[in-house]
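J.: Here's the letter readout for the chains.
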Amino acid sequence: AQSVTQPDARVTVSEGASLQLRCKYSYFGTPYLFWYVQYPRQGLQLLLKYYPGDPVVQGVNGFEAEFSKSNSSFHLRKASVHWSDWAVYFCAVSMSGGYKVVFGSGTRLLVSP
Amino acid sequence: NTKITQSPRYLILGRANKSLECEQHLGHNAMYWYKQSAEKPPELMFLYNLKQLIRNETVPSRFIPECPDSSKLLLHISAVDPEDSAVYFCASSPGGTNTGQLYFGEGSKLTVL
Chain A
1 AQSVTQPDAR VTVSEGASLQ LRCKYSYFGT PYLFWYVQYP RQGLQLLLKY
51 YPGDPVVQGV NGFEAEFSKS NSSFHLRKAS VHWSDWAVYF CAVSMSGGYK
101 VVFGSGTRLL VSP
Chain B
1 NTKITQSPRY LILGRANKSL ECEQHLGHNA MYWYKQSAEK PPELMFLYNL
51 KQLIRNETVP SRFIPECPDS SKLLLHISAV DPEDSAVYFC ASSPGGTNTG
101 QLYFGEGSKL TVL
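As you go down the protein sequences, you meet chains A and B in turn. All the letters of the first sequence, read from the start, carry residue numbers 1 to 113 under the working numbering. All the letters of the second sequence, read from the start, carry residue numbers 1 to 113 under the working numbering.
A portion of the hints provided could be inaccurate.
Derived BS3-like pairs: lysine-lysine, alpha-carbon spacing no greater than 25 Å straight-line [as the list claims (entries may be wrong)]:
no. : chain 1 : residue 1 : chain 2 : residue 2
1   : B       : K51       : B       : K18
2   : A       : K100      : B       : K109
3   : B       : K51       : B       : K35
4   : B       : K35       : B       : K109
5   : B       : K18       : B       : K40
6   : B       : K35       : B       : K18
7   : B       : K72       : B       : K3
8   : A       : K100      : A       : K69
9   : A       : K49       : B       : K40
10  : B       : K35       : A       : K24
11  : A       : K100      : B       : K51
12  : B       : K3        : B       : K51
13  : A       : K49       : B       : K3
14  : B       : K40       : A       : K24
15  : A       : K24       : A       : K69
16  : B       : K3        : A       : K100
17  : A       : K49       : A       : K24
18  : B       : K109      : B       : K40
19  : A       : K24       : B       : K51
20  : B       : K72       : B       : K35
21  : B       : K72       : B       : K51
22  : B       : K18       : B       : K3
23  : B       : K35       : A       : K100
24  : B       : K3        : B       : K109
25  : A       : K49       : A       : K100
26  : B       : K3        : B       : K35
27  : A       : K69       : A       : K49
28  : A       : K49       : B       : K35
29  : B       : K18       : A       : K49
30  : A       : K24       : A       : K100
Derived by calculation from the structure, the hints in this document are not laboratory data. These numbers come from a predicted model, not from an experiment.
Next comes chain A alone, as it looks inside the complex (with noise of 0.2 Å):
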């Protein structure tokens, strides 16, 4: 069954520093995968999305992904971390032709002056 891990609960990064948030998935075959925000009191939002085909894809805001089907990873980066960007991450996945979107736990991020 498709799984996704996000190993860490909780990242503190000082504003302007580099931030990489970890998530792992599990599937057979080739998943599409996204990365959702969810801002306080907001719904989830569309950050990103990885289809096949180039493994780096650019998403809103600054923040970019990249895809290994080796490590089957799929980490979120951003060069330079803005006060805004204090939210939780959510790492998802999906089967082609399918409708379920399997969400991982959730990554808080919180930024430091």
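Let chain A serve as the given structure and place chain B on it in line with the hints.
T.: Leaving out everything else, chain B in the frame of chain A:
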């Protein structure tokens, strides 16, 4: 996000009956109800594609979905239980080959006394 509207945004219930409403203005084919408990990722409750219920996770029978047309989704709740306290998100997706890219409403926060 005004493209998916949910109502009410907040409700507090004893053991009463209530309905949540959702409407999407994106022309999407698939609509979902997700439940998000505190500090947890969203969990899929129900999924409709072109008004047909095609996935129904193991949800208590006191939750009954309804899809009166392809842009509207209802969730009827009867005799709520304290474990039902959560935020209920409506989401939609284009369906077909765009599987996995979900658009979320802002949620309806249910508090059960």
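J.: For this structure, which hints from the list above don't hold up?
T.: 19, 29
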